[in-house]
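Participant: Sequences listed follow chains R and Y, in order. Note that the numbering used here numbers the first sequence so that position 237 is 237, with each residue one more than the last. The number in the numbering used here is simply the position in the second sequence, starting from 1, with 1000 added.
If you're looking for bench data, these hints aren't it; they were derived computationally from the structure. Backbone N, C-alpha and C fix where the C-beta goes; we use that ideal spot for every residue, glycine too. Do not take every clue at face value.
Claimed, not checked - Covered stretches of chain Y, going by a simulated chain R footprint (3 or more residues, C-beta under 8 Å):
#: 1; region: 1063-1075
#: 2; region: 1112-1122
#: 3; region: 1150-1164
To be verified - Here are some chain Y residues pointing at chain R (derived, C-beta under 7 Å):
#: 4; residue: 1043
#: 5; residue: 1078
#: 6; residue: 1101
#: 7; residue: 1103
#: 8; residue: 1132
#: 9; residue: 1133
#: 10; residue: 1134
#: 11; residue: 1138
#: 12; residue: 1143
#: 13; residue: 1251
#: 14; residue: 1252
#: 15; residue: 1254
#: 16; residue: 1265
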Amino acid sequence: MVGITSYGAYVPFFRLGEGTSAWNTRTEKAIANFDEDSITMAVAAAVDCLNGADRKIIDGLYLATTTAPYLEKQGASIVAEAADLRADIFTADFANSLRAGTLALRAAVDAVKAGSAGQVLVTAADLRVPQPRSEFEPVLGDGAAAVTVGKENVVAEIEDSYSITNEILDVWRTAGDTFVRSAEDRFASEKGYLKILPQAVKGLLEKCKLTPQDFAKAVFYAPDARKHREMSVRLGFDPKTQVQDPMFNKLGNTGTAFALMMLVAALEKAEPGDRILFAGYGDGADAFVLKVTEGIKKVENRRGIKGCLGSKKILPDYLTYARWRSLIDIAPPVRRPPLDAPSPSAMYRERNQNIRLYGAKCKNCGYQQYPPQRVCTKCHAKDQFEPVRISDKKAELFTYSLDYLGPTLDPPLVICFINFAGGGRMQSMMTDRVVEEIKIGMPLEMTFRKLHTVGGIHNYYWKCMPVRR
Amino acid sequence: MNGIKDRVAVIGMGCTNFGEHWDKSAEDLMVEAAYEAYEDAGIDPKDIQAAWLGFQYSFGTARGTMLAHALKLDYIPITRVENACCTGTDAFRNACYAVAAGIYDLVLVMGVEKLKDAGVSGLPVSYAPFWGSRVEPPVPAPVQFALAGTRYFHQYGLSYEEGKRTLAKIAVKNHHNGSLNPRAHFQKEITLEQAMNAPIIASPLGLFDCCGVSDGAAAAIITRPELAKSLKKDYILVKGLGLTCGARQAILHDDYDMVHFEETVTAAQKAYQEAGVKNPREEIDLAVVHDCFTITELLIYEDLGFSPRGGAKEDVDSGFFTLEGGLPVNTDGGLKCFGHPIGASGLRMIYEVYKQLQNKAGRRQIKKADIGLTHNLGGHPGHFTCAVAIFGRND
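Kindly generate the complete structure, drawing on both the sequences and the hints.
Facilitator: As structure tokens, this is what we get:
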């Protein structure tokens, strides 16, 4: 039996919605912070998916996104490193299509079926920037999903799948485009989404000899809420009882991650024996039949869609959002020398401590320290350390300052000292915080973020943030 | 181990006005400080046998030759010293050891900084300068010390308002002292309300909690005491020198309290031991300390043993560190008002102690000035360099 063995998701903390000045629409949607991108969100979803699991069992990692930060350089390798996976694994980016998430899922299923991998982690994330005041702006949201695919401990068997490829310009971007382009809506719908996705579903049902009545839930991509409703009708599912909520007024269309995020939301509520129809769209369509097993009850301690949607902060003003997305260039508070680009060789040398966030535990005195040292800071023993991953350790705020002149797109910059459970201290930046709620002793967790982009280098590192509740 | 006590004499000093010297180069500032020191010592520049030059930013990676060129010191050994905000004091310290060892009879020490040509406010450093991967958080100077401020308020149960008021009193005191000093960068008094209500730079520190960023130079001429006697009546004596470096303990140790700086404690211990100071609160007559921020000065009171742990607020409230108090601190306005040209600051502090011990400090002269202390702190919490120097009259 091949299927999904675990799932996780990530929805950013911030929302545009009622209460955001100059937002001009009643829709609520999730938006990534200024220091997030597809890579960082994929890491967050991956870490959620792997919570409690041995990360060494993962044999492959796929990253699906249309918003990869590098055109030439893999994103999956960064996600794999940050998620602290083994080095002898197969990593690949699935790019350029809103369907890349379901394509990656299908490739993972095939790899496991073929026996080339035991467990494949599929991540999908997107952060598409809609043009201000365009039809896309109220619709597009940011987020990520992750599932593992394997043969053992399956929580939802993937019984079958069916794919169609379809060459059409309905939505697209070229390398230099900041915003999504689209064809005339009637054309795009009739010859694209509303035509092709039903074809894939029909093909799958015929192949499996199933009817819509055989499914507890239908989970499928849609560009917007109206088309999602229309698709329910076209496919023959009862929108009230059978169709997964597409979360258009809470999350938004998260592109490549969208279908998988809806699937995670469906799995969070699924019961053993449920059959789920799952379909993704973009340059064609992929459809899957899933059957939920008893194992679904054992997936616990996931923040998932439910946890993330419940933990949010409405951004007070649209201007802040525009600044985060570089839609408006606001002068820094103070004249400072420009940032220096990081050194690739130093980044390479420090990848374990910076990207895997390894500390070092002294074998002589037991003190856990970050960053790793050659000589123990406590007992002065030389080179007697074992690496300890601290990215998943909880921490506590020891002291902090709000820097109103610091180099950040979201002042004040919160600089703090944090102490880790199990030992060790780190000087850290705090993100996803509500300034008024910061206080000494507050519980914190680590989150993978993009510090800055200088000289064409995206510099990733871990920040702390208040534990999301 | 022989200490430095009474083995080196300061016979001449010079110090420029500190401030924004748009019309003067670093060379100009060095010439002014040196010639004041020559005149004060009554020596011929030709008799200088060696020199130490301290600066951090001013000439990039240039060397002692900058001093040779400015002063036309022909073919003598000049060593450039850089040790962050301790640069000036460390240049002085190294020069003292050469004199005490009997290698040279007459030595010039120069500290200089020309910060205002950098074209930026604050110090001309890029953020996150430490690791090549540039992942370390940008922690400019105000933030480094603000972190201690937040923790200090928490540790000793001060409300934000109480904490801010205590810090404001230090700023008000230093502004008062600066107003009496014609060479200070800022010579204006401020009110408690002004200090407390100033814009926040890095919480809890506001504008008046931060020192000036200035241009300036200061110089000292030193010799051995037996030679000093023939040159100057009121030369002063070096009584103790302490310098220590942190190894990032404040950041690496999860039990480091961040309400004190161990580098100051240990540097002071060394200096007190050399000078034979047992009870600094009673024995030190004045101190010129590294008040880069008001919170730094508050911590220094405790780290130098002037106030008990957690007791600095009480001493601030009682006026203990004012010109009229039991132990005047930063009689010349401190970094806050005299200004802070990094490489020059250590020597500027020695200049103030020198003048006070000679009874030549003008309107800010304190009543009894037999033993004076200077203190510098350079770097970041956990990896500071701290220098403490103690001086005494020769009678």
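Participant: A separate judgement is required for each hint: does it hold in the structure or not?
Facilitator: A quick look at each hint next to the structure:
no. : hint      : verdict
1   : 1063-1075 : violated (count 0)
2   : 1112-1122 : holds (count 5)
3   : 1150-1164 : holds (count 3)
4   : 1043      : violated (41 Å)
5   : 1078      : violated (29 Å)
6   : 1101      : violated (32 Å)
7   : 1103      : violated (34 Å)
8   : 1132      : holds (3 Å)
9   : 1133      : holds (4 Å)
10  : 1134      : holds (4 Å)
11  : 1138      : holds (6 Å)
12  : 1143      : holds (5 Å)
13  : 1251      : holds (5 Å)
14  : 1252      : holds (4 Å)
15  : 1254      : holds (4 Å)
16  : 1265      : violated (18 Å)
In this structure, the hints that do not hold are numbers 1, 4, 5, 6, 7 and 16, in rising order.
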